[in-house]
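Position 25 (the sequence shown) corresponds to 29 in the working numbering; numbering is contiguous.
Quick caveat, the hints were computed from the structure, so don't treat them as lab data.
Incorrect hints may have been included.
[Unchecked claim] The calculated DSS-like cross-link candidates involving lysine-lysine, where the alpha carbons are at most 25 Å apart (straight line), are:
no.	residue 1	residue 2
1	199	154
2	197	283
3	172	251
4	129	283
5	251	192
6	204	129
7	129	192
8	251	197
9	300	189
10	175	199
11	129	291
12	175	129
13	31	69
In this text, all values refer to a predicted model and were calculated from it rather than measured experimentally.
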Amino acid sequence: MSKIIILAIESSCDDTSVAVIIDGEIKSNLISSQWIHAQYGGVVPEAASRQHVETIVSLCDQALKEAAISLQHLSAIAITRGPGLMGSLLVGISFAKSLSLCLNIPLIEVNHLHAHVLSLFIDQKPTLPLVCLTVSGGHTQLLLVSEKFKIELLGQTLDDAAGEAIDKTGKLLGLGYPAGPEMDKLAKSGVPKYKFPIAKVNDLNFSFSGLKTSVLYFLRDQLDSNKEFINENLPDLCASIQDNIVKSLLNKLESAAIAHNAISIGIAGGVSANSQLRKEISQLCTKYNWNCYIPKLSYCTDNAAMIAIAGYHKYLNAEFSDDHFLPLARYPII
């Protein structure tokens with residue numbers, strides 16, 4: 005029986021990534037991050053698209069070389085259809101369609117959010133049912149996973165995503181973009197002594213927009229009397245903001261798991277790289293004797309390995325796409 009070899013491409017935002025999966029095993033997973041956006045304090049869509057164009061061909065060549073295969077060995081191409089930035093998605097989709105047409109092999113479209121969930125299945129075999137907290141700069145969702153392709157949305161943010169809240173409050177503190185890694189690092193030497201309100205939202209939904217406002221007014225008051233307040237208390241401020249966000253996430257995650265009799269808990273998405281979140285979710289699982297699934301750091305942020313594993317399972321089910329589909333800036337997971 006011939007091997008199933010899939011080339012996967014992810015270009016939904018500002019990271020270009022290409023991966024190769026062979027019979028369900030990741031053989032290469034390369035990511036090219038775009039640091040150009042740091043100077044603007046956020047992703048510039050036009051610049052992101054141009055960077056993808058400049059990077060995608062060479063990254064594809066490197067991924068194939070690392071996996072010790074050539075284009076002629078491929079069984080299919082898997083590509084992120086959305087959600088994401090239209091221009092960035094279009095670069096990846098156009099490239100994937102061209103390869104599919106030239107090689108006369110199937111094309112598989114993948115939902116970026118679904119792929120984040122399936123990142124838990126790359127090196128692990130999670131016991132189901134599982135409640136997954138998918139948390140990033142653009143999305144914050146609680147999902148019930150009963151089968152790999154049977155997902156129920158339990159709750160989501162009503163405004164800002166958790167990662168967005170980190171970036172916005174980080175900007176108030178003078179941190180660079182993205183603020184997550186720097187805030188996480190500074191928080192390790194700080195104490196969460198400043199208390200900010202946690203939004204009271206019904207059901208299993210989240211709200212983080214009020215956190216930025218609360219931090220903004222708090223800093224204004226403190227800076228009126230001490231211009232160096234932020235510099236003198238930066239680690240404690242980072243620890244306090246991060247603790248607020250982590251507690252908000254885990255409170256809802258705990259409620260969701262109990263309500264739906266989950267036996268497993270998982271986290272996915274860029275914010276799942278946060279050290280405090282990873283530590284406290286492990287502690288939560290120990291408390292309730294839940295199975296705990298946390299992805300490798302390389303599978304937390306946007307990456308093509310998660311597109312590859314999603315594409316692989318779609319390939320097994322013969323879920324192929326035609327070449328007429330367009331990118332979707334908004335693409336609900338269900």
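Quiz item: CA of residue 251 to CA of residue 192, is that 25 Å or under?
Solution: Holds, at roughly 16 Å.
Quiz item: Is the hinted pair residue 300 and residue 189 satisfied, with a Cα-Cα distance of at most 25 Å?
Solution: With Cα atoms ~18 Å apart, residue 300 and residue 189 stay inside 25 Å; holds.
Quiz prompt | Straight-line alpha-carbon gap residue 129 to residue 192, limit 25 Å | solution = At roughly 31 Å apart (the allowed maximum being 25 Å), residue 192 and residue 129 break the hint.
Self-check item: Given pair status - residue 129, residue 175, alpha carbons within 25 Å
Solution: This hinted pair is violated, its Cα atoms lying about 38 Å apart.
Quiz item: Quick one, are residue 31 and residue 69 close enough, alpha carbons at most 25 Å?
Solution: OK: residue 31 and residue 69 at ~10 Å, within 25 Å.
Quiz item: Is the straight-line distance between the alpha-carbon of residue 197 and that of residue 283 25 Å or less?
Solution: Roughly 19 Å between the alpha carbons, so the hint for residue 197 and residue 283 holds.
Self-check item: Pairwise hint evaluation, residue 197 against residue 251, where the allowed Cα distance is 25 Å at most
Solution: This hinted pair holds, its Cα atoms lying about 14 Å apart.
Quiz item: Between residue 172 and residue 251, does the CA-CA distance stay at or below 25 Å?
Solution: Distance ~18 Å between residue 172 and residue 251 Cα, so the pair holds.
Quiz item: Is the Cα-Cα distance between residue 204 and residue 129 25 Å or less?
Solution: violated, 35 Å
Quiz prompt | Restraint status (C-alpha distance of residue 129 to residue 291 at most 25 Å) | solution = It holds: about 22 Å lies between the C-alpha atoms, which stays within 25 Å.
Exercise. Mind checking the alpha carbons of residue 175 and residue 199 for me, to see if they're no more than 25 Å apart?
Key: Roughly 19 Å separates the two Cα atoms, so the pair holds.
Quiz item: Straight-line Cα separation of residue 129 and residue 283 no greater than 25 Å?
Solution: holds, 21 Å
Of the numbered hints listed earlier, those contradicted by the structure are 1, 6, 7 and 12.
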